[in-house]
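The chain contents come next:
Protein chains: 2
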Amino acid sequence: MMKTLLVSLLLAVAMTLSAQDRSVSGGERSVLSVRASQYPRISADHRASFKVKAPHAKSVQIDLGKKYDMVRDENGEWTCTTEPLGPGFHYYFLVIDGVPVADPASESFYGCSMMTSGIEIPYPEGDTRFSLADVPHGEIRMKRYFSKTANAWRRMFVYTPPCYEKSSVSYPVLYLQHGGGEDERGWSQQGLTDIILDNLIARGEAVPMIIVMLDGNTKDFNSELFNDCIPFVEKTYRVKAGKDSRALAGLSMGGIQTLNACITHPECFSYIGVFSSGWWVQSRHGMPAHETEKYYEKLKAHKDEFNKGFKQFWFSMGGKEDIAYQNCQAMLKRFDEIGIRYTYFETPGGHTWPVWRESLYRFAPLLFK
Amino acid sequence: MMKTLLVSLLLAVAMTLSAQDRSVSGGERSVLSVRASQYPRISADHRASFKVKAPHAKSVQIDLGKKYDMVRDENGEWTCTTEPLGPGFHYYFLVIDGVPVADPASESFYGCSMMTSGIEIPYPEGDTRFSLADVPHGEIRMKRYFSKTANAWRRMFVYTPPCYEKSSVSYPVLYLQHGGGEDERGWSQQGLTDIILDNLIARGEAVPMIIVMLDGNTKDFNSELFNDCIPFVEKTYRVKAGKDSRALAGLSMGGIQTLNACITHPECFSYIGVFSSGWWVQSRHGMPAHETEKYYEKLKAHKDEFNKGFKQFWFSMGGKEDIAYQNCQAMLKRFDEIGIRYTYFETPGGHTWPVWRESLYRFAPLLFK
Numbered sequence: 001m002m003k004t005l006l007v008s009l010l011l012a013v014a015m016t017l018s019a020q021d022r023s024v025s026g027g028e029r030s031v032l033s034v035r036a037s038q039y040p041r042i043s044a045d046h047r048a049s050f051k052v053k054a055p056h057a058k059s060v061q062i063d064l065g066k067k068y069d070m071v072r073d074e075n076g077e078w079t080c081t082t083e084p085l086g087p088g089f090h091y092y093f094l095v096i097d098g099v100p101v102a103d104p105a106s107e108s109f110y111g112c113s114m115m116t117s118g119i120e121i122p123y124p125e126g127d128t129r130f131s132l133a134d135v136p137h138g139e140i141r142m143k144r145y146f147s148k149t150a151n152a153w154r155r156m157f158v159y160t161p162p163c164y165e166k167s168s169v170s171y172p173v174l175y176l177q178h179g180g181g182e183d184e185r186g187w188s189q190q191g192l193t194d195i196i197l198d199n200l201i202a203r204g205e206a207v208p209m210i211i212v213m214l215d216g217n218t219k220d221f222n223s224e225l226f227n228d229c230i231p232f233v234e235k236t237y238r239v240k241a242g243k244d245s246r247a248l249a250g251l252s253m254g255g256i257q258t259l260n261a262c263i264t265h266p267e268c269f270s271y272i273g274v275f276s277s278g279w280w281v282q283s284r285h286g287m288p289a290h291e292t293e294k295y296y297e298k299l300k301a302h303k304d305e306f307n308k309g310f311k312q313f314w315f316s317m318g319g320k321e322d323i324a325y326q327n328c329q330a331m332l333k334r335f336d337e338i339g340i341r342y343t344y345f346e347t348p349g350g351h352t353w354p355v356w357r358e359s360l361y362r363f364a365p366l367l368f369k
Numbered sequence: 001m002m003k004t005l006l007v008s009l010l011l012a013v014a015m016t017l018s019a020q021d022r023s024v025s026g027g028e029r030s031v032l033s034v035r036a037s038q039y040p041r042i043s044a045d046h047r048a049s050f051k052v053k054a055p056h057a058k059s060v061q062i063d064l065g066k067k068y069d070m071v072r073d074e075n076g077e078w079t080c081t082t083e084p085l086g087p088g089f090h091y092y093f094l095v096i097d098g099v100p101v102a103d104p105a106s107e108s109f110y111g112c113s114m115m116t117s118g119i120e121i122p123y124p125e126g127d128t129r130f131s132l133a134d135v136p137h138g139e140i141r142m143k144r145y146f147s148k149t150a151n152a153w154r155r156m157f158v159y160t161p162p163c164y165e166k167s168s169v170s171y172p173v174l175y176l177q178h179g180g181g182e183d184e185r186g187w188s189q190q191g192l193t194d195i196i197l198d199n200l201i202a203r204g205e206a207v208p209m210i211i212v213m214l215d216g217n218t219k220d221f222n223s224e225l226f227n228d229c230i231p232f233v234e235k236t237y238r239v240k241a242g243k244d245s246r247a248l249a250g251l252s253m254g255g256i257q258t259l260n261a262c263i264t265h266p267e268c269f270s271y272i273g274v275f276s277s278g279w280w281v282q283s284r285h286g287m288p289a290h291e292t293e294k295y296y297e298k299l300k301a302h303k304d305e306f307n308k309g310f311k312q313f314w315f316s317m318g319g320k321e322d323i324a325y326q327n328c329q330a331m332l333k334r335f336d337e338i339g340i341r342y343t344y345f346e347t348p349g350g351h352t353w354p355v356w357r358e359s360l361y362r363f364a365p366l367l368f369k
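Chains as they are written, first to last, in the UniProt record's numbering: chain A, 1 to 369; chain B, 1 to 369.
I should point out that these hints are in silico values taken from the structure, not numbers from a laboratory.
Please note that a few of the clues may not be correct.
Same chains, same names: a pair is fine if it fits in one copy or spans any two.
[What the hints assert, rightly or not] Below, in silico cross-link-like pairs of lysine-lysine (BS3-like), each with a Cα-Cα straight-line distance of 30 Å or less:
(1) Lys219 with Lys53
(2) Lys298 with Lys166
(3) Lys166 with Lys148
(4) Lys243 with Lys308
(5) Lys219 with Lys294
(6) Lys298 with Lys67
(7) Lys51 with Lys219
(8) Lys369 with Lys166
(9) Lys219 with Lys166
(10) Lys148 with Lys235
(11) Lys53 with Lys67
(12) Lys235 with Lys300
(13) Lys166 with Lys240
(14) Lys51 with Lys294
(15) Lys235 with Lys166
Chain A with its partners taken away, still in its complex shape:
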């Protein structure tokens, strides 16, 4: 018998019931703190405080991009408080004697190619775009499918809008891809896809749509998308088929997958979104630069068809501090030279989920209208 589990069984109810009542000075529990934990906490000015019991550790840190050294008290509890953090979701690690791990006191997420932690900093008062609200809610569905491309069972996550369950009509589909080191869970968990769309649909700002979130960790994304996923989705759900009812978007690595898919299959999508991404200027990721040159040549040769065929060719960037900034600018400069039309949106925040949530919030209302 696992001692921790036994203790947990005996204490879980009591801890749950007392968690909200126990007085801990300074701020509010993070919405991502696990039930029994009073930490992480977030102050009114958006500083995050962390605590971990580690009497035998020599050093403990919080890594939020910037590393914060935690300070030990006489009971072996380590604490630290950060400087004010920007609103939205941020990955972080607890670093125990040099080993980065997820903080067991907070929810875990698959990011950075491992299980890591996330903290959610409140948005400014009045900015309810990313808040769970009293509006009709859709669903996030986990659906298994067999991928011939991967020769394996895989999962997709599918957002269905609030009206889907009770209606018999068909809906357009946005295929929405995560970034490198993430997977098919990224957009629903870190990205709050369902909350963003529920809010947009309730306000009449976006049309009801299905959003399909795939696992982009594959050697041949085009084959996965076109041979496996789109046929499966159109067979399984009440989906409007055809170019004008399909959108494709992705962030970072998913943005490159989006670009490659829409240039090679422009007949498939009318709406394209590329968040914090851009073709690499030099060869990388098994994508030799000469492949990219082929795409530029294709864009040049079929400029008018592309300009007419894409009702949205939409790019967002997390400001100059976004690691994809230079690649994106170089690519858009090539588009300008060729005469490819696009929309560019920039918001500060770097290569982070707050930027990608805002990108989805701005992109979704442009679709299927």
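Starting from the known structure of chain A, arrange chain B on it as the hints suggest.
Chain B in isolation, oriented as in the chain A frame:
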């Protein structure tokens, strides 16, 4: 910019593509290992091997109930191999200088009231009950609802059977509760609810049903269930209403919630499942023993109605090593004295998920027939 995130972005694709190819001696990667990791590994005789890089740690252990000391090599990598483990899911912790955390190389689960790790040991060859198979697959849906009981938005996870999406008929519902220190994710993630039911339905052993998995961490489970969840589910999904189309089951803490709900509301359910649980002999968990005595009195006073009303009153236990064994036996002895009929099933394994998966596998075929 978060350095780890940047490195991750640059390396994620390369790591993904090479993960399956890289040669590491000994066993197979655990199915729960994250994409970029070759560990944990599982040998042919079901020993698990773990590895973590921690050059500055003084001690590193794996806690699987039994603690295994890891051994450091000259590069600061720590490894250990366990004795053979039983098939199915087991919680474990990585313990770094005394701090139990989730292993970032493996998937995380909410259990033991914190984010922890799980390892999946293969079932014996030929035992395909819990294996993802080439059969029609249902879905696990995450649905948000407003709980008046909790005065908060909460989540339920809902299994819909393979035939649900394309049909217009209504289905019976099993409400299925997790244990202490877990939450509404437990049954779908640790428990493999969808795989178990997909297999049973494909073999014609269980009728298609909806399974609703609630968050049992609440001060008043009865109110949550009867005032919030059942009305919401019956309004939202194509559900057969009425006693004969409703089942309630739970494990450990969820088993006690199940007992309390079905004794106080016998008119609501025809099928009851209690896995690894039993009323406490002494007062505990805000459940004074005199409350339990009231339930025994009610059972005694209405013995015939209970015996007639419950088409299944089904108890399972993970053998004598199950921490709930004594409570359960004491309760069943009282049932015998009163003359309450029930079915009792015992399988070795203790108070663990392999026992609860098997419990669901045996209980579901008894429902709605």
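**Request:** Go through the copies and call it for Lys298 and Lys67: within, between, both or neither, with a Cα cutoff of 30 Å.
**Result:** Classified as neither: same-chain Cα gap 45 Å, cross-chain 60 Å, threshold 30 Å.
**Item:** Within, between, both or neither, where Lys235 and Lys166 count as close if Cα-Cα is 30 Å or less
**Value:** both (19 Å within a copy, 10 Å between copies)
**Item:** Identical-chain pair category, Lys51 with Lys219, by Cα at 30 Å
**Value:** between (41 Å within a copy, 27 Å between copies)
**Message:** One pair to classify: Lys219 and Lys53, alpha carbons no more than 30 Å apart. Within, between, both, or neither?
**Reply:** This pair counts as between: shortest inter-copy Cα distance 28 Å, intra-copy 42 Å.
**Request:** Go through the copies and call it for Lys219 and Lys166: within, between, both or neither, with a Cα cutoff of 30 Å.
**Result:** Neither: 38 Å inside a chain and 32 Å across chains, both beyond 30 Å.
**Lys148 and Lys235: within-copy, between-copy, both or neither at 30 Å Cα** = Cα proximity of Lys148 and Lys235: one copy only (16 Å, versus 38 Å across).
**Item:** Intra/inter-copy verdict for Lys298 and Lys166 if alpha-carbon distance must be at most 30 Å
**Value:** neither (44 Å within a copy, 41 Å between copies)
**Item:** Alpha-carbon proximity between Lys219 and Lys294, which holds within one copy, between copies, both or neither at 30 Å
**Value:** The answer is within: 20 Å in one copy meets 30 Å, while 62 Å across copies does not.
**Message:** Treating 30 Å as the Cα threshold, decide for Lys243 and Lys308: within, between, both or neither.
**Reply:** For Lys243 and Lys308, the Cα distance is within 30 Å only inside one copy (13 Å; across copies 59 Å).
**Message:** As a check of your reading, is Lys235 near Lys300 (CA-CA no more than 30 Å) within one copy, between copies, both or neither?
**Reply:** Result: close neither inside a copy nor across copies, 35 Å intra and 54 Å inter.
**Message:** If the cut is 30 Å between Cα atoms, do Lys51 and Lys294 qualify within a copy, between copies, both or neither?
**Reply:** Neither: 53 Å inside a chain and 43 Å across chains, both beyond 30 Å.
**Prompt:** How would you classify Lys166 and Lys148 at a CA-CA limit of 30 Å: within, between, both, or neither?
**Reply:** The answer is between: 24 Å across copies meets 30 Å, while 33 Å in one copy does not.
Hint compliance for this structure: hints 2, 6, 9, 12, 14 are not met, and every other hint is.
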